[in-house]
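Using the sequences and the accompanying hints, generate a full structural model.
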Amino acid sequence: MEAIKNFFKMVTFPELFKGLSVTAKYLFQRKVTEEYPDFKPSIPYRYKGKLHVQIETCISCRLCEKACPEGCIKVFPPPKEQMKIDKRPAEFYLNQEHCLHCSLCVESCPTGSIHHSYEFELVVTNFKELLFNKETLPYNQIKKQYKWNYIENVPIKTETTPLEKKENSK
Amino acid sequence: MKNEKPSYLRELVETREFELNMGPQHPATHGVYRAILTLDGERIVGLNSVVGYLHRGIEKWAEYRTWQQATPIFDRLDYLSAVINCHGYVGAVEKLLQVEVPKKAEYIRVICDELQRIASHLIWFGTHALDIGAMSVLFYGVREREAVVDLLEAQFGQRLLYNAYPIGGVRLDFPKGWVEACKKFLKTFNSRIDEYEALLTKNRIWKQRTIGIGVISKEDAIAYGLSGPTLRGSGVFFDVRKSIPYSAYPDFDFEIPLGKNGDVYDRYLCRIREMRQSVRIIEQALDGMPEGELKGKVPKIIRPPVGEVYFSVEGAKGQLGFYIVSDGKDKPYRVHIKSPSFINLQGLDLMSKNQLIADMVALIGSIDIVLGEVDR
Amino acid sequence: MNTDFLLHYIAFPLIKIAILLAAVFTVVAYIVLVERRLLGFFQSRLGPNRVGPFGLIQPIADGMKLFLKEDVVPLNANPVLFKLAPVFAFFPPFVGFAVLTFALPLIMPSGKMHSFSVADVDLGILLILSISSLGIFGIILAGYSSGSKYPLFGSLRSASQMLAYEVPLTLSVIAVIMMAGSFRLSDIVAAQQTYKLYFVIPGIIAFVVYLISVVAETNRTPFDLPEGESEIIGFHTEYSGMRFAFFFMAEYANVVLICMLTPALFLGGYDIPFVNDLELYKAHPYLVSTLGFISYAAKSTLFAFFYIWIRATFPRYRYDQLLKVGWLVLLPISLFNLFLVAGIKLFLLK
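Residue numbers (my numbering), protein chains in the order written: chain B, 678 to 847; chain E, 951 to 1326; chain S, 113 to 462.
Watch out, some of these pointers could steer you wrong.
[As the list claims (entries may be wrong)] Reference listing, derived: stretches of chain B covered by chain E, where coverage requires no fewer than 3 residues with Cβ under 8 Å from a Cβ of chain E:
1) 685 to 693
2) 721 to 729
3) 773 to 785
[To be verified] In silico SDA-like links for lysine to any residue, alpha-carbon gap of 25 Å or less:
4) K682/B with F203/S
5) K1247/E with G789/B
6) K1133/E with G789/B
7) K727/B with V995/E
8) K1045/E with G1278/E
9) K708/B with D1100/E
10) K436/S with T689/B
11) K436/S with V995/E
12) K1250/E with C738/B
Hints were generated in silico from the structure; no laboratory data involved.
Every residue, glycine too, gets a C-beta built ideally from N, C-alpha and C.
Spelled out as structure tokens, the structure:
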């Protein structure tokens, strides 16, 4: 009896049809491709995108400079007399090219002026566009500021996705 | 297939062994790995591995950074399972500092580790099947992995290289809604593994390609120092989570799947069953999550006492060990990494005796090497 | 040399050849796109759909890219054979298309019978089988003349694989020929219409053997080790640009040829299923002929879908297992099947 069953299985190969049915099932299900430039993805709340710096709240403590493993941040504090009135740095260089997005600088900043934004499109054609000084530092007030140490119980995805979801305009 | 030529042919026909370069650029060696094969017809007679194409000097790099600053580089070792590497390094430093990690942090670490193990095994599954020819399985595996990586992205903020843990605990608890999303994923994942097994496990073509190929006996496996599913496929019970327990693993109830013959098919089954056991661990951890602190007491500038420590975790590929020497300063003196892929690669020479060239890709896939780990 | 001769023996055949070649080239170009999209759907992703609407301009873009690539002839290669090999691989399938019949013959207003095939010769099947064996030459020459080890491996394997699967293929086709009684393709379809029975039913073993052999003959998964993309790369490693395009088109032309040959042999060709009436044909010849053509196209499409479905699902066989299946399993089964079919023909089919 067993021999007949084995022989039958050998010539009609039922397990191959089972495999075919699995593949055929996926033929009719929803496809998971995200068609990128037309439909932007939804970003989680804690996403570590490009670094943004709010230079008004920076107190030139240089903790971020010490924390960065790659040496991407260089802060020059103002001279001593100006430190008493206005603590903002005289010069702030940020090298986005070597940034590992490890967020050690964000963790160590006491005022939360350096933080991650939701920008993930960092492609440039000339790498000098990724070197920022005090005037060209990116900071966009519309995007929600996310202070790593302060906000703990956050939802998974942002309620209002900062990137627009454009309909397929083709 | 008999290897001997009949005597009349041996006098008439002269054959010669030749060398074939399965070069650094090859779609099936998972990275830049070079194998110089000595072939007799189609049989492999000798194997010479050349590694080092991806050497980046990670161990030296870590000597010039402070203890906490060095954490991001260890993600780049086995870049497909970054959280576990981080756990290894951070666990070693905590052992040196004798810091007490709170229970809640340990549970969070276990959950993220097991999720990362599932993600790493899914990539292995896809690429192994793709090398042997079933191309759809790669896409199914990667699609499954999207769900896992989305969960980890919601917790850590990045998708591949997370810089997950600070020394002393974890940074943040899970966000709102994460636990429900994770439970929903786990519910569907078991039935998905059933589907993928239906595609491959009983398939006669798959069985013919993998049963009896690349057999390593128990004694050889232990003698060569293999670890991970490569070792467990030969029937040896050694898993760091059970044999040298660390973190919160003693609290959970799970099995270690073992193989019988030590061939490619057994290692494949081992890894598939490990994925199911990981699902079990995560379910138990989510149900029994304690309350408490997230981070132990760690000084602001970390200066461990003079000494050395060795700490190992169960990586996705095998036993990942960190040997750290400290001389009291704020930077490590020496970090040495025992990488499982490098040591498992020794077994390739043994496995490939008298196999055909077409089996080489099955063998490399079954050891599951990641060149970032091999070359550091 | 009157107008009758010119019209019926020179002009009409040339027009038919032109239409056939145009149609075949379009189908071969677009089956690549269909395969890529369908493979994507099986793998729960979209295939290429950005180049035109639904990706319809993709084959033109691919063709232009291959055309504009640099033409590299390796130093170690034998230049004459290297340049000759793609030609040998390319022309056999197109010869095979000339013998296929696409629809029921029609009687034109002038009174002559018009058949929908370019050259419906008496030994149609034999022509297809023998000319497609010439395709092996292209592969052997390509591998041998490339001057490096990987193509040599691939071409040797491919040659012995194709040889091994020629025999079961021929034996299963002989079963069909026995049942039909003639080598001519339109006779085979007519025999299926007469018996009111598609040959897949009495010759089910022949059908299964034929399917496996034909997948192996065209070097498709699960038998595509010589071309094995992720292992030993294959016999066309050193080819780039238009020469590679020739090999590529040759493979897909083979696929299309087999997709069109199988319904003719086993599934009834241009016969409309469940409607088999000589009176209907005499009353509305144009309608029945067109419907027959549509049913033939549908059967070919079904078979192509099946081909791609198999490619998406199964892993590939190792080389020695492949040859074992060919010589040790399929050959005895097809020999046994010959006796079976002979018995069926003698006692059951009248």
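Cross-check of the supplied hints:
Counting residues of the segment 685 to 693 of chain B whose C-beta sits closer than 8 Å to any C-beta of chain E gives 3, which meets the bar of three, so the coverage hint holds. Three residues within the 8 Å Cβ limit are the bar, and the segment 721 to 729 of chain B against chain E gives 5, so the coverage statement holds. Look at the segment 773 to 785 of chain B against chain E: 6 of its residues bring a Cβ nearer than 8 Å to a Cβ of that chain, three or more, so the hint holds. Of the pairs offered as hints, the one joining K682/B and F203/S is violated, with about 46 Å between alpha carbons and a cut-off of 25 Å exceeded.
Taken as a hint, the K1247/E and G789/B pair is honoured in the structure, with Cα atoms around 23 Å apart against an allowance of 25 Å. For the hint pairing K1133/E with G789/B, the CA-to-CA distance comes to about 34 Å; that exceeds 25 Å, so the pair is violated. About 52 Å separates the Cα atoms of K727/B and V995/E, which puts this hinted pair outside 25 Å; it is violated. Our distance criterion of 25 Å between C-alpha atoms is met by K1045/E and G1278/E, whose separation comes to about 15 Å.
In summary, the hint linking K708/B to D1100/E is supported, as the alpha carbons are separated by about 17 Å, within the 25 Å threshold. Restraint check for K436/S and T689/B: satisfied, since their Cα atoms lie roughly 18 Å apart, inside the 25 Å limit. For the proposed pair K436/S and V995/E, the alpha carbon gap of about 23 Å is at most 25 Å, so the pair holds. Distance check on the hinted pair: K1250/E and C738/B sit about 16 Å apart at the alpha-carbon level, within 25 Å; holds.
This entry does not satisfy hints 4, 6, 7, going by the numbered hints stated previously.
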